Amino acid sequence: MEPTVLAEISGNVNAIGYGLAAIGPGIGVGIVVGKALEGIARQPEATNVLRTNMFLGIAFVEALALIGLVAGFLFT
Amino acid sequence: MLPPEGFFAPGIEEFFFDPYTWGPFGALEGTPFEVNRIVLMMLFMTGALCLLFGLGFRRAQVVPRGLQNVLESMTEFIRVQVAEDVMGKAGAKRFAPYLTALFFFVLAFNITSVLPPFHLPINGVIAVPLILSVITWVMFNYAGIKAQGAGGYLKGSLFPPGLPPFLYVLVTPIELVSTFILRPFTLTVRLLANMLAGHLILALFFYATTYLLLGPFQADGSPWYTAIFGVGALGAGVAFTFFEVLVAFLQAYIFTLLTAVYLAGSLEAHH
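From first to last, the protein sequence lines are chains A and B.
So for the first sequence, our numbering puts the first residue at 1; every next one is plus one.
So for the second sequence, our numbering puts the first residue at 1; every next one is plus one.
For the record, the hints were derived by calculation from the structure and aren't laboratory data.
None of these values were measured; they are calculated from a predicted model.
A portion of the hints provided could be inaccurate.
What the hints assert, rightly or not - Label pairs and their calculated CB-CB ranges:
{"#": "1", "chain 1": "B", "residue 1": "13", "chain 2": "A", "residue 2": "38", "range": "43 to 53 Å"}
{"#": "2", "chain 1": "A", "residue 1": "29", "chain 2": "B", "residue 2": "178", "range": "13 to 23 Å"}
{"#": "3", "chain 1": "B", "residue 1": "30", "chain 2": "A", "residue 2": "46", "range": "51 to 61 Å"}
{"#": "4", "chain 1": "A", "residue 1": "41", "chain 2": "B", "residue 2": "80", "range": "19 to 29 Å"}
{"#": "5", "chain 1": "B", "residue 1": "28", "chain 2": "A", "residue 2": "41", "range": "55 to 65 Å"}
{"#": "6", "chain 1": "B", "residue 1": "25", "chain 2": "A", "residue 2": "41", "range": "52 to 62 Å"}
{"#": "7", "chain 1": "A", "residue 1": "19", "chain 2": "B", "residue 2": "149", "range": "40 to 50 Å"}
Think of the CB as a built atom: it goes at the ideal place given N, C-alpha and C, for glycine as much as any other residue.
So here's chain A without its partners, still in its complex pose (with noise of 0.2 Å):
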């Protein structure tokens, strides 16, 4: 009998592979900023130092999902 063929996937593995880089830095962005907003409502005068941190976080948190898409062109 000749064998059939039911599904099929095509295209690069790396879409899925930055797709799985993008979930951690995503929900850990929502962390530093949702705090960082919670911080601003509960002390509105320290929003200077509390924006300014929040960037800091916000840039060290996303540097894996930026990793996630370069290595996706080099891996191709």
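Add chain B to chain A, keeping to what the hints say.
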């Protein structure tokens, strides 16, 4: 207008150009100084930046107006919000000029991503972010060694005080890698990947607009209703263009802020 082989997905090859051979650039071909489209954009943007500041501050007045007003509010933002907030008045006096130059340089090279004649971020090629990160790396190491002495600086950054001694087996290698290797690496990759990804998103949407809108007009082309999705792709492309402007400013700000934080960290000994 439509490529005969169907939809063309943009890739990393968008950033590779052959060196120019015409005019004065012909003589430079084959040397390390050969000029291609991106190098020409770098020269143009650097000149434009110098011109902008020359015009803005040529006859600086106590009460600024027009261009001077805009530029002053931006330079003051870097000096007060970035330099003085992170490293205090004394450090800011030393490093604010470099940070200001860095911010505007990165911004000028980012904004070409959406600037009409170019539409290509210069920071999407690794050369510029890499060199800027190396400068930052050399600067914060030099500042640290000058402020604390070579021994004190290495001790402060590799052996953070206040830990039980056996933990240094774990902490010192981590600090070594994160301070001296990962810092410049993430600084480079953050800027590079943000601009690269932004350009690819824009290119994808505008290629898709051409493909979907013009598809129904081709012989044996796609059905008529793809044009509706073409309008959607155009809208998304325009929306992401505005998003790219935001990203260009944000990444310039983050690059400057991180440089300031690294400098501040090496200026004062850990407590």
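Requested in this report: Go ahead and decide if the range 51 to 61 Å is satisfied by the Cβ distance of residue 30(B) to residue 46(A).
Outcome: The hint (51 to 61 Å, Cβ to Cβ) holds, given that residue 30(B) and residue 46(A) are roughly 58 Å apart.
**Report entry** Assessment of proposed distance window 43 to 53 Å (beta carbons of residue 13(B), residue 38(A))
**Finding:** holds, 45 Å
Query raised in the report: Using the C-beta atoms of residue 28(B) and residue 41(A), is the stated range 55 to 65 Å upheld?
Result: Given range 55 to 65 Å: holds, Cβ gap about 57 Å.
Query - Assessment of proposed distance window 52 to 62 Å (beta carbons of residue 25(B), residue 41(A)) - result: Given a distance of about 57 Å, which is inside 52 to 62 Å, the answer is holds.
Requested in this report: Note whether the CB distance of residue 19(A) and residue 149(B) lies within 40 to 50 Å or breaks it.
Outcome: Given a distance of about 48 Å, which is inside 40 to 50 Å, the answer is holds.
**Report entry** Range hint 19 to 29 Å (beta carbons of residue 41(A) and residue 80(B)) holds or violated
**Finding:** 24 Å Cβ-Cβ, so the 19 to 29 Å window holds.
Query raised in the report: Is it true that residue 29(A) and residue 178(B) lie within 13 to 23 Å of each other by Cβ?
Result: holds, 20 Å
Violated hints: none; the structure is consistent with every hint.
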